[in-house]
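K.L.:
Take the given structure of chain A and dock chain B to it, following the hints.
Those sequence lines, one after another, are chains A and B. Each step along the first sequence adds one to the number in the working numbering, with nothing skipped, and position 37 is 37. Each step along the second sequence adds one to the number in the working numbering, with nothing skipped, and position 103 is 103.
FYI, nobody ran anything at the bench for these hints, they're computed from the structure. One or more of the hints may lead you astray.
[Stated by the list, open to error] Taking lysine to any residue and the SDA-like style, the derived pairs with C-alpha atoms no more than 25 Å apart in a straight line are: (1) Lys154/B with Glu72/A; (2) Lys154/B with Leu35/A; (3) Lys138/B with Glu55/A; (4) Lys138/B with Gln83/A; (5) Lys138/B with His28/B; (6) Lys138/B with Gln153/B; (7) Lys138/B with Ser76/A; (8) Lys138/B with Gly65/A; (9) Lys154/B with Gln79/A; (10) Lys138/B with His88/A; (11) Lys138/B with Pro86/A; (12) Lys138/B with Gln59/A; (13) Lys138/B with Ser161/B; (14) Lys138/B with Asn21/B; (15) Lys138/B with Gln27/B; (16) Lys154/B with Arg70/A; (17) Lys154/B with Gln56/A; (18) Lys21/A with Val11/A; (19) Lys138/B with Glu63/A; (20) Lys138/B with Glu72/A; (21) Lys154/B with Ile71/A.
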Amino acid sequence: MPQVLDIQVEVPDAVSEQNLKFAEAVARQAVIIALQQRGELTIREAAAALNLTYEQYLQILAEDGLGLSRIEQDQSVLQRLRQSLPNHFPSHS
Amino acid sequence: MTTPTVAVLDSNGIIGLAKANCFPLLQHLFAETCVPPSVVAEITDQLSQNALQNARGLWLTELLPSADALRQVAFINQEADRHVLALAIDRQASIPDCFLITGDEKLRRRAMRFGIASIDAPHLIQLFAEGGFITAAKPHLDQMRSLGYGITQKVYEEILSRLGET
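Isolated chain A, as found in the complex:
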């Protein structure tokens, strides 16, 4: 069974229905991006949850100044690739 994230925020009575809906959509997007950035959702799962295409989702990340994830690239992978081409990466072999 999927979990449900229920966030309750108190807002002034005067906030319009239209702005409440807008804020709800922004919050929903922020939750999905946060989960994707931490590796809880794939990019495709996040895009599908927001009814976006893969490319539209990447565009949103770029507009928000985010990378594809918050987790750093494993540097040992770069080292393995350097070692596979010693002619191009002689100092690393």
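P.N.:
What follows is chain B alone, placed relative to chain A:
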């Protein structure tokens, strides 16, 4: 001596490298490069489509994953996620030095459980610069960012610092 390596491409790797104008350089880093049709199908950006079209049949192979590999990842709900990982499992069986080209963290973790390493597009740009395939990484990273491929300031600065670029 050169060790044979294989790259299995995810969409964000294709899009990132196409935006950096570095997609064809993959053929210099990997002995074999392949992509599942479900990944190709979700790419609509013109730059990336052109990059794929120019490579297909020359140094890039479109391959369907085997039924056996698909069974191993049947728990994954998005078809292209399933196919890209299953294809990497297939190719790793032939060439152990198999790399998934993606910056998708959840996919990277899943690949790691099958012993498959991953690398993202910005760090491939770093390797292209280190290996002398491009003269500098900065113009390519800047172009990726300006065309809508997100690279955090931290990663951007780290790559340029490692390369001695400012």
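K.L.:
Indicate, hint by hint, whether the structure satisfies it.
P.N.:
Consistency of the hints with the structure:
As the CA atoms of Lys154/B and Glu72/A are separated by approximately 10 Å, the hinted pair is consistent with the 25 Å bound. With a C-alpha separation of about 20 Å, the suggested pairing of Lys154/B with Leu35/A holds against the 25 Å cut-off. Simply put, Lys138/B and Glu55/A have alpha-carbon atoms about 23 Å apart, close enough for the 25 Å limit, and the pair holds. Using a Cα cut-off of 25 Å, the hinted pair Lys138/B and Gln83/A holds, with the two alpha carbons roughly 24 Å apart.
Between Lys138/B and His28/B the CA atoms are separated by roughly 20 Å; this keeps the pair inside 25 Å, and the hint holds. Our distance criterion of 25 Å between C-alpha atoms is met by Lys138/B and Gln153/B, whose separation comes to about 12 Å. About 22 Å separates the Cα atoms of Lys138/B and Ser76/A, which keeps this hinted pair within 25 Å; it holds. A C-alpha spacing of about 17 Å is found between Lys138/B and Gly65/A, which places the hinted pair at or below 25 Å, so the restraint holds.
Straight-line distance between C-alpha atoms of Lys154/B and Gln79/A comes to about 20 Å, which keeps the hinted pair within the 25 Å bound. A distance of roughly 20 Å separates the Cα atoms of Lys138/B and His88/A; the hinted pair therefore holds under the 25 Å criterion. Between Lys138/B and Pro86/A, the direct Cα distance comes to roughly 24 Å. Compliance with the 25 Å bound is thereby established for this hinted pair. This hinted pair checks out: Lys138/B and Gln59/A have alpha carbons roughly 20 Å apart, not beyond 25 Å.
Between the alpha carbons of Lys138/B and Ser161/B the distance comes to roughly 10 Å, so the proposed pair stays at or under 25 Å and holds. Distance restraint check for Lys138/B and Asn21/B: the Cα-Cα separation of roughly 12 Å lies within the 25 Å cut-off, and the hinted pair is therefore satisfied. Under the criterion of a C-alpha separation no larger than 25 Å, the hint pairing Lys138/B with Gln27/B is consistent with the structure, at around 21 Å. The suggested pairing of Lys154/B with Arg70/A holds, with an alpha-carbon distance near 10 Å, which does not exceed 25 Å.
With a CA separation close to 23 Å, the supplied pair Lys154/B and Gln56/A stays within the 25 Å bound. A distance of roughly 12 Å separates the Cα atoms of Lys21/A and Val11/A; the hinted pair therefore holds under the 25 Å criterion. Proximity of Lys138/B to Glu63/A is assessed by CA-CA distance (about 19 Å); at most 25 Å being required, the pair is judged to hold. For the suggested pair Lys138/B and Glu72/A, the alpha carbons sit about 19 Å apart, so the restraint of at most 25 Å is met.
A hinted pair counts as satisfied when its Cα atoms are at most 25 Å apart, and Lys154/B with Ile71/A qualifies at roughly 11 Å.
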